[in-house]
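Novice: Line order of the protein sequences matches chains A and B.
Positions 1 to 127 (the numbering used here) are the ones given, in order, by the first sequence.
Positions 1 to 128 (the numbering used here) are the ones given, in order, by the second sequence.
One or more of the hints may lead you astray.
As the list claims (entries may be wrong) - Computed footprint of chain B on chain A, listed as stretches where at least three residues anywhere in the stretch have a Cβ under 8 Å from a Cβ of chain B:
hint, region
1, 3-10
2, 53-61
3, 66-78
Unchecked claim - Some, not all, of what chain A presents toward chain B, calculated at C-beta under 10 Å:
hint, residue
4, Gly19
5, Trp23
6, Leu25
7, Ala37
8, Val42
9, Leu50
10, Ala99
11, Leu100
12, Val101
13, Ile110
14, Ala113
15, Gly114
16, Ala117
17, Val121
Rather than coming from a laboratory, the hints here were simulated on the basis of the structure.
The beta carbon of each residue, even a glycine, is placed where N, CA and C say it ideally should be.
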Amino acid sequence: MSLRSPLGRVLGLGSAKEGVHHWWLQRLTSVALIPLAVWFAVSLITLPSLDHTTVVVWMAQTWTALFLILLVLIGTWHSQLGLRVVVEDYIHSGTKTLALVIITFAHTLIAAAGVFAILKVAFGAAA
Amino acid sequence: MAERPLSPHWQVYKLKYTLTTSFLNRITGVVLSLGLIVLAWWLMAVASGGRAYARTFTVLSMPVFKLLYAALLIAFSYHLVAGIRHLVWDTGRYLERAQSKRSAVLVTFISLVLAIVFLYFAFGAHAS
Chain A
1 MSLRSPLGRV LGLGSAKEGV HHWWLQRLTS VALIPLAVWF AVSLITLPSL
51 DHTTVVVWMA QTWTALFLIL LVLIGTWHSQ LGLRVVVEDY IHSGTKTLAL
101 VIITFAHTLI AAAGVFAILK VAFGAAA
Chain B
1 MAERPLSPHW QVYKLKYTLT TSFLNRITGV VLSLGLIVLA WWLMAVASGG
51 RAYARTFTVL SMPVFKLLYA ALLIAFSYHL VAGIRHLVWD TGRYLERAQS
101 KRSAVLVTFI SLVLAIVFLY FAFGAHAS
C-alpha cells in the first residue's frame, strides 16, 4: 500500500498520454487525403460520362476500388475528427453530447455504406 | 448542465485575416463533410444497379445539387491549400507575423485559381 496521496500520485505524471492523439490523427489523415482527394476530384471530372456503365467500369478497376475505399475511410475519419472539434468549440449546452453521438453514428454509417458499395461494384455484383 | 462562464468567444474578436482564414478552413471543412453524405449516397446508388442509379442520378442532377457541387469544389480548393499551410506550420516554419500574412494571401490566391480551374472543367469544358 502506498502512503502517497491521490494528488501526489498524479502530480508529475504528465497528461493521460492521449492529448496529442486527436491532433496527430487529424494531421495524419490530412496528409493522406491530399493525394486521395485530388485524385478523386480529377477522376470524377475527367470521366467521359457519369452514366452507370462508365462509373461501374471505372469503379471496378482494382486500384480505383482500393483508392476509393481509402478515400471513404480516411475521409470520414478526418471529417469526424474535424466536426467533433467544431461541436466542442461552439456547442456548450446539453445538445453537445447529442451532436457528438449523431456525428459518430453518421460517419460510421457513411464509411460502412461507402466501403460496402465500392466492394459490391468491385466484385461485379452491381449489374 | 450548469451555466458556466465561457472564455472570450469568437464574437469579441475583430475579423482579421488570421481569424478569417481559420474560420474559412472550418466552414469549408463542414461543407466537405456534407459532401461525404452525397458521396455515400452516390456510391450506394452505383452499387444498386443501373435502374436505381438512373433514378438517383436524376435527383442528384437537380440545380440544388449542382450548386452543392460548385460549393464543394470551392470548399475543397480552399480546405486543401489552407490545410497544407497548417501542415507547414506544424513543422514550426513560417509562423512569424509577416510570413503568416504572406501565406494567407498566397493561400487565398492559389485556392481561388484552383477553384476556377475545377469549376471550369466540371461545368464549363463539357457542359453536362
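Novice: Against each hint, give a clear statement of whether it holds in the structure.
Specialist: So, going through the hints one by one against the coordinates:
Coverage of a stretch by a chain is defined here by at least three residues with a beta carbon nearer than 8 Å to that chain's beta carbons; for the region 3-10 of chain A and chain B the count is 0, and the condition is violated. By the rule of at least three residues with a Cβ nearer than 8 Å to a Cβ of chain B, the coverage given for the region 53-61 of chain A holds, with 4 such residues. Three residues within the 8 Å Cβ limit are the bar, and the region 66-78 of chain A against chain B gives 4, so the coverage statement holds. With a least beta-carbon distance of about 15 Å to chain B, the hint placing Gly19 (chain A) at the interface is violated under the 10 Å criterion.
With its C-beta approaching chain B no nearer than about 9 Å, Trp23 (chain A) sits inside the 10 Å limit, and its interface hint holds. Annotation: interface hint on Leu25 (chain A) violated; nearest CB of chain B at approximately 13 Å, more than 10 Å. Here the hint on Ala37 (chain A) is kept, as its CB sits about 7 Å from the closest CB of chain B, short of 10 Å. Look at Val42 (chain A): its Cβ gets to within about 9 Å of chain B, closer than 10 Å, so that hint holds up.
A distance limit of 10 Å between C-beta atoms decides the matter here; for Leu50 (chain A) the minimum to chain B is near 7 Å, and the interface restraint holds. At about 12 Å, the closest approach between the beta carbon of Ala99 (chain A) and any beta carbon in chain B exceeds 10 Å, and the interface hint on this residue is violated. With a least beta-carbon distance of about 14 Å to chain B, the hint placing Leu100 (chain A) at the interface is violated under the 10 Å criterion. Against a cut-off of 10 Å between C-beta atoms, the interface hint on Val101 (chain A) is violated, since the closest Cβ of chain B lies about 16 Å away.
A least Cβ separation of about 4 Å between Ile110 (chain A) and chain B falls short of the 10 Å threshold, and the interface hint therefore holds. About 5 Å separates the beta-carbon of Ala113 (chain A) from the nearest beta-carbon of chain B, less than 10 Å, and the hint is met. Taken as an interface hint, Gly114 (chain A) checks out: its beta carbon lies about 5 Å from the nearest beta carbon of chain B, inside 10 Å. Annotation: interface hint on Ala117 (chain A) holds; nearest CB of chain B at approximately 4 Å, less than 10 Å.
Below 10 Å, beta-carbon pairs count as interface contacts, and Val121 (chain A) has one with chain B at about 5 Å; its hint therefore holds.
In the structure shown, a violation is registered for the earlier hints numbered 1, 4, 6, 10, 11 and 12, in ascending order.
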